[in-house]
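K.L.:
Sequence:
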Amino acid sequence: MPPIHTESSQKSANQENKILLALSDLKDGRIKSICAAAKLYAILCSTL
Numbered sequence: 361m362p363p364i365h366t367e368s369s370q371k372s373a374n375q376e377n378k379i380l381l382a383l384s385d386l387k388d389g390r391i392k393s394i395c396a397a398a399k400l401y402a403i404l405c406s407t408l
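Residue numbers (the working numbering): 361 to 408.
Misleading hints may appear alongside valid ones.
[Said to hold, decoys possible] Within a straight-line C-alpha distance of at most 30 Å, the following computed DSS-like cross-link-like pairs (lysine-lysine) qualify: (1) LYS387 x LYS371; (2) LYS399 x LYS387; (3) LYS378 x LYS392; (4) LYS392 x LYS371.
No wet-lab data here; the hints were simulated from the structure.
Generate the whole structure from the sequences, applying the supplied hints.
P.N.:
This is the structure:
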């Protein structure tokens with residue numbers, strides 16, 4: 361039987377995915393600043 365995912369755990373996974381994408385874009389030079397990446401992915405600058 362597959363695990364039951366709560367809305368909270370799905371939100372957390374989505375948030376983590378956005379953080380990873382933002383960090384990847386920063387590392388690869390696609391985005392120049394932390395705050396620009398945060399804004400693009402709708403996360404806080406301080407998170408990155």
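K.L.:
Against which earlier hints does the structure fall short, listed by number upward?
P.N.:
none
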